[in-house]
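Those letters in the sequence shown? Residues 17 to 769, per my numbering, in order.
What follows is a set of in silico ranges between Cβ atoms, one per label pair, in the way DEER data are often shown:
#1 Gly288 with Gly468: 23 to 33 Å
#2 Ala645 with Phe289: 56 to 66 Å
#3 Asp724 with Tyr485: 51 to 61 Å
Calculated directly from the structure, the hints in this document are not laboratory data. Glycine is no exception: its CB is placed at the ideal position from the N, C-alpha and C atoms.
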Amino acid sequence: MAQGPSPTPARSSSSVTRQGDRLRGWLLALPALVLCSPWPGVLKDVPTSVSAAAGWTLLLALPALMLTALEVRGSWKALGLVPTGFLILALLGQGRSMMDLGDIFEAERSTLTLATCAALVLAGARLGSEGRKGLIEGLLPIPLLIGVGALMVHHPSAVLGNTGDAAEAALPAAAVGLLAFTARRGPVRFLALISLVAYAIWAGGSDSRLASLGFCALALLLALPSQRKTRPHEMRIALVIAGVLAAAVGMHEWNMEEPDATQVQAPAGEGGFAFRRLIYGSTPSFFEAFPMGVGPGQVAREYPPYRNPQEIGVSEHGRLEPTPVDVEHLHQDSLQLIAEQGLLLGGAFVFLLAWIASRALVALRGGSSSRAACGLGVLGFLGAGLINAPLTAGVAAPAVALPLLGALVAPNRFSPRAKSLGPEGVLMLSLLFLVQPAWEFINHGQAMGELGRAKQAASLSPDSTSTRYQVQAARDALDRALDARPFSVDALAQSARLGDLSSSESSRILQRILRLRPHRRAALMDLANQHARAGRLQAAHDLQATLRKLDPENPLLLRNALLLALDRRDPAEVRSALGSTLKYGAASDSDLRRLMQRTQLQGRIVCSAPLWEALGEGCDLSDPNEAFAAADRASKRGAKVQADALFTLAHRGFAHLALERNDLGGACRSLRQALRASARGLEALGETTGSRGASLLRIELAGALAADGDLEGARGELQGLEPRASDLGGLHGVLGDALLSKGLLPGVTDISR
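Can you make the complete structure from the sequences, with help from the hints?
Structure (structure tokens):
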């Protein structure tokens, strides 16, 4: 009986050589090795590590893709479901970004990432058995490099900037190492053992539940009863390693130091899972608002209005963070894909990822140890994607896992070598057009790292000359970052806050940031404060209203809203802002009392009344006699600032009574007494602008002097003042008319009362 033809091997004489196949596997591991290595540490101190890593990954993946294009030239018909899915996602993402960029920096970063992901998957899908072995060998040192990097920088994040990013990169590589240790022999097995030991030490010493518990889950997956027949040796070793890691995690928790009771601590029990639960719960309304998706990289731009106020509090550690914390992504790859690409395309890609997970589980039961290793690594990557976004917003994780994903779904046999340029060559040529933006992302990241070092040096400088030098170095680094990526929100925000720009220049930068990200709270807060300082109170009020919609329970915003209401002299607005402040406990009684005293020392009777009532003070301050009696009582009990504040109100009230009697001399005397009390109190409160008393009182005294014919005295009181509409709103009618008629308020034609 004649035997049928034997199956074509994965690498025949008509395809690539075994040596070329293994070389391509090694080259595919190069991006991950460079990103995770502490030498040269290309991502060390780079705050924008996600975008810089995308640039490095693309450049470092080009050699593997080029060799693949030259050696394989696969048929378009045999492209494969998974590479096709990644290519479609990259192409549609690029088209969507060209139609509406929004946040330009993130749009270009996201499309660059998608194109690089497609290249890594396609190159991995063209590996044969030798190529898979080479890829596994190349990825084995990753946990060791991360462990060494953690020792060098004294932080478990190593050179990747974030412990979560380090865990997402180390977990798939450690999973590969587990199977390599059980299935390989010689130096490869020894390297796998060292890598696993390094991973166990790093995971036990870090605070990454993903690294520890995720690996335990993968190890136990190998130990399932279904594995006993095919991999009994791996099952036993997996159980041992899972137990060792579980013990390491337990020892880490046991040996954690008790928090110092004298230091402010974040609220207990509000860890990463509480944060994620709140994030995930807010996504249905977000998807409903954007059923077609927000576009690649636009989640940070569009998501803030849909955030849960409780989640904001958790993210900011119970409001202990000094600056607002933004959500850059949804911390789950599936949700992120649907949010960016829409329910249809994003949902289809999520189903593709689920199908890949099923293929990985099948590979664990198969006979090929290299394919099983790829499957276990992919399961670690996809598992991390259930609680974070290693695919869409990862640093080194895509470089580690996507070649494994491609190798997992690679066909057992390949189509004959095509004469024309195959999909590998077309994708390689497409990536060449992205080399320049990739290099720009790298330069931007390096410049931002230099900025951080310069700012740290400036804060530690012993003298002003050295500080100025470091500030100039920081400005030079910022200029380089913005030259590379002019639409970087992070660089623009640092530029606005560096402190070497004028208020108008800083405002222009903040407005530019808000065009890119209209809901960025830090920029909104800074711009609102600048408007308030410049007297543009309506503009500040509008921005504050936007901020309160985004974060209605923020104590700082509530206090700022109360301050702004007091500056706007609107009693109804003051009562509303005070009610919100009291409702959310945004200010203590001492804070409110100080604010009330400041308002009273400015002579603002009506605006200070809600605060006076809220603090339980009984008398009616609109009656100057009652205010004077209350001031006398405060003075006798030693409350000097409160006494000065009440004396200010009382004497201003007496001045207004004198004006009603047409007693200009008496009004001038009372206003001078009010100014003396105001100056004392404001100085006690540390108000540098109060050395001559409140502006309103000086303007009123100038008006009384002008009405009494003393124009020189009136000009002397107005010297150094630039009265704004907010300063003139509470002015007595007689005094305002006198100032206008004598031409003492240039540029002012009318005073609204």
